[in-house]
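Trainee: Listed below are the residues making up each chain.
Number of protein chains: 2
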Amino acid sequence: MDGQQRVIIENVKPQINCGEFPIKRVINDKVNVSADIFCDSHDVLTAEVLYRYQGEKQARAVPMKQFPNDLWKGDFQVSKLGSYYYTVQAWVDHFKSWHRDILKRIDAQTDYGVDLLVGAEIINETLKNTSEIPARDEDFLKSIVSEFRNREKPLEDRIDGILSQRLYQVMINYPLKKKISKVEREFEVTVERLKANFSSWYEVFPRSLNPNGDQHGTFNDVINFLPYVADMGFDVLYLPPIHPIGKTNRKGKNNSVTAEPGEPGSPWAIGGKEGGHKAIHPELGTMDDFQKLVHEAAEQGIEIAMDIAFQCSPDHPYVKDHPQWFRQRPDGSLQYAENPPKKYEDIYPLNFETDDWQNLWEELKSVFMFWIDKGVKIFRVDNPHTKSMRFWGWTIQTIKKEHPDVIFLSEAFTRPKVMYNLAKQGFTQSYTYFTWRNTKYDLTTYCKQLVNTEVREFFRPNFWPNTPDILPEFLQVTNRAGFIQRVALAATLSSNYGMYGPAFELMDNTPTKPGKEEYLNSEKYEIKNWDYNQQNNLQKIIKRLNKIRQENKALQNTHSLKFHDIENEALVCFSKTTEDLSNIILVVVSLDPYHTHSGWIRFPLEEFEMDQHVPFQVHDLLSGSYFLWNGDHNYVEINPGIMPVHIFRVRRKVRSERDFDYFM
Amino acid sequence: MDGQQRVIIENVKPQINCGEFPIKRVINDKVNVSADIFCDSHDVLTAEVLYRYQGEKQARAVPMKQFPNDLWKGDFQVSKLGSYYYTVQAWVDHFKSWHRDILKRIDAQTDYGVDLLVGAEIINETLKNTSEIPARDEDFLKSIVSEFRNREKPLEDRIDGILSQRLYQVMINYPLKKKISKVEREFEVTVERLKANFSSWYEVFPRSLNPNGDQHGTFNDVINFLPYVADMGFDVLYLPPIHPIGKTNRKGKNNSVTAEPGEPGSPWAIGGKEGGHKAIHPELGTMDDFQKLVHEAAEQGIEIAMDIAFQCSPDHPYVKDHPQWFRQRPDGSLQYAENPPKKYEDIYPLNFETDDWQNLWEELKSVFMFWIDKGVKIFRVDNPHTKSMRFWGWTIQTIKKEHPDVIFLSEAFTRPKVMYNLAKQGFTQSYTYFTWRNTKYDLTTYCKQLVNTEVREFFRPNFWPNTPDILPEFLQVTNRAGFIQRVALAATLSSNYGMYGPAFELMDNTPTKPGKEEYLNSEKYEIKNWDYNQQNNLQKIIKRLNKIRQENKALQNTHSLKFHDIENEALVCFSKTTEDLSNIILVVVSLDPYHTHSGWIRFPLEEFEMDQHVPFQVHDLLSGSYFLWNGDHNYVEINPGIMPVHIFRVRRKVRSERDFDYFM
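Line by line, the protein sequences give chains P and S.
Heads up: take any position in the first sequence, counting from 1, add 31, and you land on this note's numbering.
Heads up: take any position in the second sequence, counting from 1, add 31, and you land on this note's numbering.
Hints listed in this document are in silico derivations from the structure and should not be mistaken for laboratory results.
Errors might be hidden in some of the hints.
Identical copies carry no separate label here, and so any pair may be met within one copy or between two of them.
[To be verified] Lysine-lysine pairs mimicking PhoX-like chemistry, simulated, CA-CA at most 25 Å apart: (1) 44 / 448; (2) 544 / 555; (3) 351 / 184; (4) 396 / 210; (5) 432 / 544; (6) 213 / 448; (7) 210 / 127; (8) 373 / 135; (9) 309 / 210; (10) 61 / 226; (11) 210 / 448; (12) 104 / 448; (13) 127 / 374; (14) 584 / 544; (15) 159 / 278; (16) 432 / 309; (17) 208 / 448.
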């Protein structure tokens, strides 16, 4: 301990689990750092954020600014993929204390002769200890010192230096850093590429894409499908597992326990005689076909996301080659998946308590590395919450060290703390409870938890109105307006969103039976033949939503989300902005797909640096209509039969005659 | 890393600054520990709080209980002064998972033959690895294993063991702890004596206690004053500094810059030719007199608290012997205290940035040790926030290692984070903003911050309605009811409270000038001659309050404080309870000392385990009146001219005819 350090630094934020886990950012984001900083007595302090990029030994320093209640803030920008590290240091700034006090003395006309000498000492010490002061400034400081010490001159003639901006500026620029208190722990930032923060996902089963009905689709069919996906404006095309599917205990149509001959089985029952997680299901095509697809997609601005589901069919090569990776039962059999009394005999889960865990971890990591090598940079991970949490931490961190541009989406639908921990372990994006949040209260409470708490630092939501596993009750009992409502909410509340199509845009909403949230005749167990030309499909509105997202940077972040009062439980109103407020989007969604609703929005102009007394224009990007609004309270009306959503772009000012050149 | 540990433990609470600082308890308190504990998949977990007393190598384990949202809780009791350490561990409990699942299988009538064998394996492994199972239980477990493995018998005849409470109980009592996840950091609890949590302070200037008017009072006069203090019910008598007072630049009456000959000076200008912080002001008496006072006070149930003010008059021996401990000015003088442009030339502050800081710290610590040796166990520390924070951490911790029964009260009136940090550094109790909290909003907001946040774990408030430095504006403009209101609030809101007497009970309330909060003719600068027989003085009501505190354990803690709704801004209503609810105190205070107010209290009976349908009795311990109340809402009326406060003891049940022996 150095007892001369008087400054205390507490509560550095952001800080996840006392610094155990990194926070997340994308390229060019700002990291806002804050801390409680104070010392005894009433000296003035100087505080800095220290930050460095991975591998750098020397940290850069950014000054922090003081706010009420001993709160200090500073920020820095991250410009490279990988890891940055930040911490905080502060010290008692004797120059600033002296400067503050002598100004008070001059003001109060008390004697300050000795204080001039004190100032001269402080400046001299700075000159001695701070090597990088330019010669010009050095000469200036020396002249001030002489002046302060020149007892020949009357006091009041020696204080020009104190009162000059230059003295203050030079001393601030080259501070004497002594007896520094520094937070020893460095906090990590994982910096990812922009798509980590802004992405539009479309999920499709390749085997259903053969244009000739019930035949098995191929990667080439996916290539032919790309223009459809690109036209709607999606930039990630996510495919369920493409590996060989097991035959033993294969599931049939509608999850029946035994498959009829010729039934294709579930793509999540991975592994057959053709191979496991590094092989391709022969009916989909070859590795070359797959790489061609990845390439063609990229040409059209689409990235292929692969599904990684770490579980094995009884026919998976691991079962023979590494039986120690599975749980052995006393009768010599391997433990299949189950949720007693339900059994999933087509799948063996991996045993993360195996004594051979190191080899298991390495092998699983090598699956990601194999596909990264084939050009895949986005992975959607199936049920990560049924694999050891620490395994994910190790795997993702290890892979990202080499490939910081790889994106991992966590599919966990489980308890909140487990979902959050998976995000802390390193998943880039996460599935959420959005799928079941339908009321105004539920939507606002949940979104506020995601964007207004420390969750925002490590958990990037990806909102899905449906998945092949979940046909939410709401979609089962709603109409077209209800579908539009849900996709518009997903696409505007969260900068990352996705849908399982074509089921979504073709409004498939029949469950296996009432009370279940499984699709009837689910594509998980059979090849589907979708009718893309179906009347009233949602392709156009989805295209429009994605275009609006592309054209409005405000919708390319999730964290600027703010909800606004509107006195109608059926209407939800929120805004998104860019940090500089150059783009402001105001969304009003009707949660009632059947009846017309209206209400008065309270849009707090001051928060958007807008003038109460100047009318402003809002432009509905869906309908194309323009409205001239005035003040905080403005009226909206929604007829869901026409369009259940307004997406307004707010123009902060409308020109008036006073803006005309010759007005004055 | 051990990859086989699947359990994650996060957010262990209480935890101050990530474990940097201890939490505080008194003897026999409970420590409630919680954590978020979970693992992948859906196995059942077992979790324990581990705790140990200082010096013990082996920690004891207490089982934790699971609550919704992956929250687990456990507690332990602290029974010895000093430090305890706690942490949390948890593991996947394969027995419990197996037990839960096989019960489901039996229920669903699915096959569980292999599961019986799995159970036999788990029990066998437990038998092998857990040495302390008693022979009886061991035999029992072995018989269960044989039963499970006995394929001769039909399945349904082999499950009695599973269904028996005994199997579950034995396996829970001797769990197989494997692949344990443990939080490596231990969290500290400082355990202090009961007075740390419940104390009633009375501050008096010994020099004003000479019964013959203006002569200098002595320790013997304090001895004669003890019965007065004891009669009012105080158990700590706190004396301003008793050391020699400096002569150089001595302050006169009402803080005038120069003292007239014969003026006594401020006791806080410490040090003269007779000595410094280890010496006694000759006019007060000798060291023997002082020790006699400490002894006599103890006989009457009173502890003497000393004031430690680490600052020096220009005549203090340190100034000559250790000039390096003060700030030198370029003209060769030492830097006096100041708050520019104000100067306090009778005092030199110590320079905690001195290169000789180690010797300074040791010397200051030795001041405490000196007086501890003389029998003092309570120190009120003057302005600790003008001395280095880390110095306090080191000093208090070092002293408490040897003398865990010593109590330190922090006098800081400064910014919240500084006050809280002093408490974290180790101060037992702290002055607060209560002195300025007069409105209902201010009182409730402030008290909630103290008792409903993590502040409760390290900051023990001590509420003072006045001090020699602060005659609050409220007292200046109020009447007798206002004084009663303030002392009743202090004495009931906080289990630690104090007052500067006789100024308080004699209702001295003249400031130096309007707008100032300094007492006119303050005892800080002169000897006062109080008229204890003054009409209308508050001795009796204070005595009553202290008696109520003594007789009601609910008022001997601060943390059970709950505010209750009452629809009148002039009335504040709150309760205090013992943990077992055997003592419930309900307080209603009128903040308006002039007018009668009434209102309906909402006293939420269910929170006090009381029956909505059974009338209950409240007994006003101040007036002696009894009231029979019914349900949640009850009417109160306060005429401040009679008594501005109700302190009700709540009797949870009133006997009725149904309680009479022959009723049934």
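Trainee: For every hint, state whether the structure bears it out.
Mentor: Hint by hint, here is what the structure shows:
1. Both within a single protomer and between protomers do residue 44 and residue 448 lie at most 25 Å apart by alpha-carbon distance, with minima of 20 Å and 16 Å respectively.
2. Taking the shortest alpha-carbon separations for residue 544 and residue 555, only the intra-copy value of 16 Å comes in at or below 25 Å, while the best inter-copy value is 85 Å.
3. With identical chains, the CA atoms of residue 351 and residue 184 are never at most 25 Å apart, being 96 Å at best within one copy and 34 Å at best between copies.
4. Taking the shortest alpha-carbon separations for residue 396 and residue 210, only the inter-copy value of 23 Å comes in at or below 25 Å, while the best intra-copy value is 46 Å.
5. Taking the shortest alpha-carbon separations for residue 432 and residue 544, neither the intra-copy value of 47 Å nor the inter-copy value of 69 Å comes in at or below 25 Å.
6. Taking CA atoms no more than 25 Å apart as the test, residue 213 paired with residue 448 passes between copies only; the shortest distance there is 18 Å, against 32 Å inside one copy.
7. Proximity of residue 210 to residue 127 under the C-alpha cut-off of 25 Å is restricted to the intra-copy arrangement: shortest distance 15 Å within a copy versus 56 Å between copies.
8. Proximity of residue 373 to residue 135 under the C-alpha cut-off of 25 Å is restricted to the inter-copy arrangement: shortest distance 10 Å between copies versus 79 Å within a copy.
9. Taking the shortest alpha-carbon separations for residue 309 and residue 210, neither the intra-copy value of 57 Å nor the inter-copy value of 31 Å comes in at or below 25 Å.
10. For the identical chains of this complex, residue 61 and residue 226 are intra-copy neighbours only, at 16 Å inside a copy versus 50 Å across copies, given an alpha-carbon limit of 25 Å.
11. In this assembly of identical chains, the alpha carbons of residue 210 and residue 448 lie at most 25 Å apart only when taken from different copies (21 Å versus 41 Å within one copy).
12. Within a single copy, residue 104 and residue 448 get their C-alpha atoms only as close as 29 Å, which misses the 25 Å cut-off; across copies the closest is 16 Å, which meets it.
13. In this assembly of identical chains, residue 127 and residue 374 lie within 25 Å of each other by CA distance solely across copies; the values are 19 Å between and 72 Å within a copy.
14. Taking the closest pair of Cα atoms, residue 584 and residue 544 never come within 25 Å of each other, the shortest separation being 42 Å inside a single copy and 61 Å across copies.
15. For the homomeric pair residue 159 and residue 278, neither the shortest alpha-carbon distance inside one copy (80 Å) nor that between copies (40 Å) is at most 25 Å.
16. Taking the closest pair of Cα atoms, residue 432 and residue 309 come within 25 Å of each other only inside a single copy of the chain (22 Å); across copies the shortest separation is 62 Å, beyond that limit.
17. Taking the closest pair of Cα atoms, residue 208 and residue 448 come within 25 Å of each other only across two copies (24 Å); inside a single copy the shortest separation is 42 Å, beyond that limit.
Against the hints set out earlier in the document, violations occur for numbers 3, 5, 9, 14 and 15.
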